[in-house]
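2 protein chains.
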Amino acid sequence: MVQSIKKISILGSTGSIGISTLDICRQHPDRFEVVGLAAGRNIDLLLQQISEFKPKIVSIHSEEDYQNLSSKIPTTTEIVFGSSGTCAVATLSECDLVISAIVGAAGLAPTLAAIEEGKDIGLANKESMVIAGEIMSERAAKNNVKILPVDSEHSAIFQCLNGENVKDVNKIILTASGGPFLHTAPNEFEHITKEQALKHPNWDMGAKITIDSASMMNKGLEVMEAHWLFNMPIEKIDVVVHPQSIIHSMVEFVDASVVAQLGEPDMRVPIAYALSYPRRMTTQVTPLDLTKHRELTFYKPDLEKFKCLKLAFQVASKGKTYAPVLNAANEVAVAAFLQDQIRFIQIPELIDVCLQAHMPISIDSIDTILSADSWARKFVITSIGNIS
Amino acid sequence: MVQSIKKISILGSTGSIGISTLDICRQHPDRFEVVGLAAGRNIDLLLQQISEFKPKIVSIHSEEDYQNLSSKIPTTTEIVFGSSGTCAVATLSECDLVISAIVGAAGLAPTLAAIEEGKDIGLANKESMVIAGEIMSERAAKNNVKILPVDSEHSAIFQCLNGENVKDVNKIILTASGGPFLHTAPNEFEHITKEQALKHPNWDMGAKITIDSASMMNKGLEVMEAHWLFNMPIEKIDVVVHPQSIIHSMVEFVDASVVAQLGEPDMRVPIAYALSYPRRMTTQVTPLDLTKHRELTFYKPDLEKFKCLKLAFQVASKGKTYAPVLNAANEVAVAAFLQDQIRFIQIPELIDVCLQAHMPISIDSIDTILSADSWARKFVITSIGNIS
Numbered sequence: 003m004v005q006s007i008k009k010i011s012i013l014g015s016t017g018s019i020g021i022s023t024l025d026i027c028r029q030h031p032d033r034f035e036v037v038g039l040a041a042g043r044n045i046d047l048l049l050q051q052i053s054e055f056k057p058k059i060v061s062i063h064s065e066e067d068y069q070n071l072s073s074k075i076p077t078t079t080e081i082v083f084g085s086s087g088t089c090a091v092a093t094l095s096e097c098d099l100v101i102s103a104i105v106g107a108a109g110l111a112p113t114l115a116a117i118e119e120g121k122d123i124g125l126a127n128k129e130s131m132v133i134a135g136e137i138m139s140e141r142a143a144k145n146n147v148k149i150l151p152v153d154s155e156h157s158a159i160f161q162c163l164n165g166e167n168v169k170d171v172n173k174i175i176l177t178a179s180g181g182p183f184l185h186t187a188p189n190e191f192e193h194i195t196k197e198q199a200l201k202h203p204n205w206d207m208g209a210k211i212t213i214d215s216a217s218m219m220n221k222g223l224e225v226m227e228a229h230w231l232f233n234m235p236i237e238k239i240d241v242v243v244h245p246q247s248i249i250h251s252m253v254e255f256v257d258a259s260v261v262a263q264l265g266e267p268d269m270r271v272p273i274a275y276a277l278s279y280p281r282r283m284t285t286q287v288t289p290l291d292l293t294k295h296r297e298l299t300f301y302k303p304d305l306e307k308f309k310c311l312k313l314a315f316q317v318a319s320k321g322k323t324y325a326p327v328l329n330a331a332n333e334v335a336v337a338a339f340l341q342d343q344i345r346f347i348q349i350p351e352l353i354d355v356c357l358q359a360h361m362p363i364s365i366d367s368i369d370t371i372l373s374a375d376s377w378a379r380k381f382v383i384t385s386i387g388n389i390s
Numbered sequence: 003m004v005q006s007i008k009k010i011s012i013l014g015s016t017g018s019i020g021i022s023t024l025d026i027c028r029q030h031p032d033r034f035e036v037v038g039l040a041a042g043r044n045i046d047l048l049l050q051q052i053s054e055f056k057p058k059i060v061s062i063h064s065e066e067d068y069q070n071l072s073s074k075i076p077t078t079t080e081i082v083f084g085s086s087g088t089c090a091v092a093t094l095s096e097c098d099l100v101i102s103a104i105v106g107a108a109g110l111a112p113t114l115a116a117i118e119e120g121k122d123i124g125l126a127n128k129e130s131m132v133i134a135g136e137i138m139s140e141r142a143a144k145n146n147v148k149i150l151p152v153d154s155e156h157s158a159i160f161q162c163l164n165g166e167n168v169k170d171v172n173k174i175i176l177t178a179s180g181g182p183f184l185h186t187a188p189n190e191f192e193h194i195t196k197e198q199a200l201k202h203p204n205w206d207m208g209a210k211i212t213i214d215s216a217s218m219m220n221k222g223l224e225v226m227e228a229h230w231l232f233n234m235p236i237e238k239i240d241v242v243v244h245p246q247s248i249i250h251s252m253v254e255f256v257d258a259s260v261v262a263q264l265g266e267p268d269m270r271v272p273i274a275y276a277l278s279y280p281r282r283m284t285t286q287v288t289p290l291d292l293t294k295h296r297e298l299t300f301y302k303p304d305l306e307k308f309k310c311l312k313l314a315f316q317v318a319s320k321g322k323t324y325a326p327v328l329n330a331a332n333e334v335a336v337a338a339f340l341q342d343q344i345r346f347i348q349i350p351e352l353i354d355v356c357l358q359a360h361m362p363i364s365i366d367s368i369d370t371i372l373s374a375d376s377w378a379r380k381f382v383i384t385s386i387g388n389i390s
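Order-wise, the sequence lines are chains A and B.
Each residue of the first sequence is one higher than the one before, counting from 3 in the working numbering.
Each residue of the second sequence is one higher than the one before, counting from 3 in the working numbering.
Hints were generated in silico from the structure; no laboratory data involved.
Just to be clear, a hint being listed does not mean it is correct.
Remember, identical chains collapse to one label, so a pair may be satisfied in a single copy or spanning two.
With a Cα cut of at most 30 Å, we get these calculated DSS-like pairs of lysine-lysine [what the hints assert, rightly or not]: (1) Lys294 with Lys238; (2) Lys169 with Lys9; (3) Lys148 with Lys173; (4) Lys58 with Lys294; (5) Lys173 with Lys8; (6) Lys210 with Lys322; (7) Lys74 with Lys173; (8) Lys169 with Lys294; (9) Lys294 with Lys312.
Model the full assembly from the supplied sequences, consistent with the hints where possible.
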């Protein structure tokens, strides 16, 4: 059987997921053609990517960079910019699969645009599922679009559910590394520095998700993502701390059988699975040798120490516009922490105050979500201004 | 949808697997009807089982017990005896699924008889697959029969392969508890007693399989079973020692992703899965709580200490009549050990001598297998006679 070439667009091509996706495409030129790239501000890397993969269309964040870039790329590549540019990459007619790897709520609009055009989605942008899960799921179903998870935990669950009936699931068990502060005493939390928070023990990722891992907000967002992605009630989603990050997540079935997906921590595995699903393909990732690992250990998460995770569970149960508010408040707080404007422990404090001030309403449209998002951003920025 | 009742026959109903199978059937009277039971010598338990499950047909090992039993059971239950009796239970026309749980090579004939009659098989009798794997697989395919594994390792692999393409498998990883002698020094092996060997750290099983676990021959037989059951070359089957027996086995795929099946060690899970496949059903088994386990650890097996496992790997690669010879020699040696006729370390020694004396031929029929089996039994009995 001759295999048809899958045409791929990558939103966030110069980020960690984007780079790994291109690595996989580079390994399998007979299977994938990169037709679209959308990037932020890393022009040098984007230029290299254009030169290597010769995409049909490329989008860059700012108009200034667009002007700058235009003269440097071949005329066979169309160049666009801004939000509309990202959406143009996401909806390119010949594209089959869009890897959605822009960080934060900014990933929502282009991902939805791709879904409306019937493109399958490799979803690394968990925030879009967190804030607009119901709408994303509905529109994916309506347009017969597959949403293939591209983070290690949800890809693990997706693999564990292979060939199973979702009615037979007892619960989903998300594993969490616990991040760099798993064993930090609660009274030490106020002294946590940016440098400490940016050092993840197992995964090499972008700055925002690394901070989210340190605060365990990342796991909270993943609980919400799993809720929508697998249509699973929140009370059927558990978090277990597993510092070695070898078991990427698990599914417990009604018969007390647990199926887990394991591997060395390497994002190329979930990316490759989204690209090759339902089959698998080689990845050049080091195979797992469990005999080389001293031990695998598991703990209950400490919700008093990791207040972000506690807030996320609360928000997940409450529904309404709480999720976009939590997500936006977190994005602003993390950015402020990365700019040395606030301390680590102020991240959950700012989110908590924002959630308490919020007047929730039911989500009936993307506009409802975006206005809750926008309200929360302003609220937290003001709160930070009052602190300083 | 109204669920039809599945009709079950159990070969070996008074053994460990038989008892657990009846426990599952007892929990789901709306799903299963027990129509046939075949037992060995445990008349008291068989009488209780007849009284509770009211099977259509029952077989007992000896003619004497048959005479004895005939007067004690209701006339609605037909009673038969001996090998032909077991085959009558295995081939009862109304039966849908036969649980094959007789220990040793004796399980082969009735299991094949059931396959020829188109019954699906829940296979706990691994020896039949070890000695006649090729013939079993061929006849199952011809008769459109599903062979559903009923030991924890092969059920784990079977679950991990759910929804996957077997071409994407890199290797199968069978986990082994390592048994009671995992940490015993090699020079202590000559002093191992029957009482020590009968104490398995994690599983409560019959005597023969418990000794096989202590010698790791059980894992060797499982390697051979996996080879035929999943049509997997021997070089793609690995054994990893995992003393906690929480991960029951794993499959590594070409993308370096590993899928594993986990749970508290309880045979009711694989039994229930064979009964309910492809769906799952409740089992009353304690759900796994990984946070209650101190740690999961993994080691390479020591083939110099566990010579039975080494012999099994060698035999598996050689093919021909070596497998039935290894299996028969092991059965005789284990029985002699259980009767205090030989020491623990003499089990692999006797098997090794027997294998070296064997003149292998290609397997073209069940008769070839049975005569190799019979030759090996006589050879080992004579060897034991020479030792004493």
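Verification of the supplied hints:
no.	hint	verdict
1	Lys294 with Lys238	between (33 Å within a copy, 19 Å between copies)
2	Lys169 with Lys9	between (34 Å within a copy, 24 Å between copies)
3	Lys148 with Lys173	both (22 Å within a copy, 29 Å between copies)
4	Lys58 with Lys294	neither (45 Å within a copy, 54 Å between copies)
5	Lys173 with Lys8	between (34 Å within a copy, 27 Å between copies)
6	Lys210 with Lys322	within (25 Å within a copy, 60 Å between copies)
7	Lys74 with Lys173	neither (52 Å within a copy, 48 Å between copies)
8	Lys169 with Lys294	between (37 Å within a copy, 27 Å between copies)
9	Lys294 with Lys312	between (34 Å within a copy, 22 Å between copies)
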